[in-house]
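Enquirer: Residue numbers (the numbering used here), protein chains in the order written: chain S, 1 to 229; chain H, 1 to 229.
Everything labelled a hint here was simulated from the structure, so no lab data went into it.
One or more hints might be untrue.
Note: identical chains are not told apart, hence a pair may lie in one copy or across any two.
Straight-line distance between alpha carbons at most 25 Å, and here's what the computed DSS-like set of lysine-lysine pairs gives [what the hints assert, rightly or not]:
1) Lys131 / Lys228
2) Lys19 / Lys228
3) Lys131 / Lys19
In this text the structure is predicted, and so the values were computed from the model without any measurement.
Protein chains: 2
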Amino acid sequence: MTSRVQSVLNEAEYIVGYKTYIDLIRNFLTHQQVVATGMRQEIDRCREAIRLAGEGHRVAVVSSGDAGVYGMAGIIIECLEQEGLLELPLEIVPGVTAASAAASMLGAPLMHDFAVISLSDLLTPWEVIEKRVRLAAEGDFILAIYNPKSLGRTQHIETVRELLLTYRHPYTPVGLVREALRGEESNVQITNLADFTNYPIDMLTTVIVGNSQTRIVGSYMVTPRGYKL
Amino acid sequence: MTSRVQSVLNEAEYIVGYKTYIDLIRNFLTHQQVVATGMRQEIDRCREAIRLAGEGHRVAVVSSGDAGVYGMAGIIIECLEQEGLLELPLEIVPGVTAASAAASMLGAPLMHDFAVISLSDLLTPWEVIEKRVRLAAEGDFILAIYNPKSLGRTQHIETVRELLLTYRHPYTPVGLVREALRGEESNVQITNLADFTNYPIDMLTTVIVGNSQTRIVGSYMVTPRGYKL
Numbered sequence: 001m002t003s004r005v006q007s008v009l010n011e012a013e014y015i016v017g018y019k020t021y022i023d024l025i026r027n028f029l030t031h032q033q034v035v036a037t038g039m040r041q042e043i044d045r046c047r048e049a050i051r052l053a054g055e056g057h058r059v060a061v062v063s064s065g066d067a068g069v070y071g072m073a074g075i076i077i078e079c080l081e082q083e084g085l086l087e088l089p090l091e092i093v094p095g096v097t098a099a100s101a102a103a104s105m106l107g108a109p110l111m112h113d114f115a116v117i118s119l120s121d122l123l124t125p126w127e128v129i130e131k132r133v134r135l136a137a138e139g140d141f142i143l144a145i146y147n148p149k150s151l152g153r154t155q156h157i158e159t160v161r162e163l164l165l166t167y168r169h170p171y172t173p174v175g176l177v178r179e180a181l182r183g184e185e186s187n188v189q190i191t192n193l194a195d196f197t198n199y200p201i202d203m204l205t206t207v208i209v210g211n212s213q214t215r216i217v218g219s220y221m222v223t224p225r226g227y228k229l
Numbered sequence: 001m002t003s004r005v006q007s008v009l010n011e012a013e014y015i016v017g018y019k020t021y022i023d024l025i026r027n028f029l030t031h032q033q034v035v036a037t038g039m040r041q042e043i044d045r046c047r048e049a050i051r052l053a054g055e056g057h058r059v060a061v062v063s064s065g066d067a068g069v070y071g072m073a074g075i076i077i078e079c080l081e082q083e084g085l086l087e088l089p090l091e092i093v094p095g096v097t098a099a100s101a102a103a104s105m106l107g108a109p110l111m112h113d114f115a116v117i118s119l120s121d122l123l124t125p126w127e128v129i130e131k132r133v134r135l136a137a138e139g140d141f142i143l144a145i146y147n148p149k150s151l152g153r154t155q156h157i158e159t160v161r162e163l164l165l166t167y168r169h170p171y172t173p174v175g176l177v178r179e180a181l182r183g184e185e186s187n188v189q190i191t192n193l194a195d196f197t198n199y200p201i202d203m204l205t206t207v208i209v210g211n212s213q214t215r216i217v218g219s220y221m222v223t224p225r226g227y228k229l
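With the rest of the complex left out, here is chain S:
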């Protein structure tokens, strides 16, 4: 958590967010009123936050990771637009996105160009996602895959694996990080492209697939930037 996030939370009268994320910051809250809502209620959360802000309150809407990467920042602005309230003061406070958090626990896999792709097809047609995976593979991008799997969506990651195997070596390093940087909850696994779907993967996992240069160095996964040592 950045110092700016801490000061924004301290100054807020209301904290609005998905209850799982609110629970992650309970220890930082003192006087604030909490508005916690369930999964997939993003629009309700925005409307409630905007209603409170419209009444003159200081409101903080929380996301996990970086609110600016698949987080709440966009829908807040879209709701403000729809309600004709774009002049309300808004600060978007960036955070450490899951790709960076996961990478830090694996070593240094993101030292070169990378693509961030979510496999969630709730809001995006699967054909678009699949096309992006294929093009990222062709471009030898490192991949940071968000939302790799959920209870109702288990095959996409297998399709991605097969697709990537047509471009990359089966021994290409793959890192799996579950609940990155959440203390004892965190789980880290370094494996390879052929095998990685045999390990537990769920919606709290970030999958980082190396490019053609990525290698295992001791206990680390590293993509060399290209320095001559």
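Once you have looked at the hints, place chain H on chain S.
Expert: Just chain H now, with coordinates in the frame of chain S:
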């Protein structure tokens, strides 16, 4: 800066880094010895940090943004490998990478899949970079472009603009953020694909190019995630 970075700096005996980045954190330093080196002396910095750590000192090597994205994390591990010192304790502390920092000042451009590409050809052949830009454009990825221009390298960003214009509308929003989140030093500009190279761009600028869905909402640049409001 995250609270973890603050505590690591506090616990360090030595701070090693590029002098421009050291200057950014001078106010946070008290007792630490500083080893500041010039640009492009990454390998020297690593060797010095490893030498000090090998003597038993607590050493912090600093990067700007996230050390795990085009930063010092990878070369440190490679140097440790070369010197046979991979067992030295190492913690990689992630930060807010320039894409996230810049996005937060523009609105919410990174709400969907994006590609992070550096235009620096010091360590990467230009053909590889150009191919990645083309594939990212074809995949309708948002682009976060690092190192878009330097004194000796001014044409690449023009080539990128022309390439992107073959895939995207000239009015595609483009955000330019110089020295993101560095207080009064920061400079933010929202423009479009046709015009953006007419604005000042240098190596401290991050360029964010929208995808086919990105639009200007009031004073913000937003890529809708796809929610139906």
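Enquirer: Each of the hints needs a verdict: does it hold here or not?
Expert: To see whether the hints hold, each was checked on the structure:
For a Cα distance limit of 25 Å, the shortest separation of Lys131 from Lys228 across copies, 23 Å, qualifies, whereas the shortest one inside one copy, 35 Å, does not. Proximity of Lys19 to Lys228 under the C-alpha cut-off of 25 Å is restricted to the inter-copy arrangement: shortest distance 22 Å between copies versus 48 Å within a copy. Neither within a single protomer nor between protomers do Lys131 and Lys19 lie at most 25 Å apart by alpha-carbon distance, with minima of 34 Å and 43 Å respectively.
Taken one by one, the earlier hints fail for this structure only at number 3.
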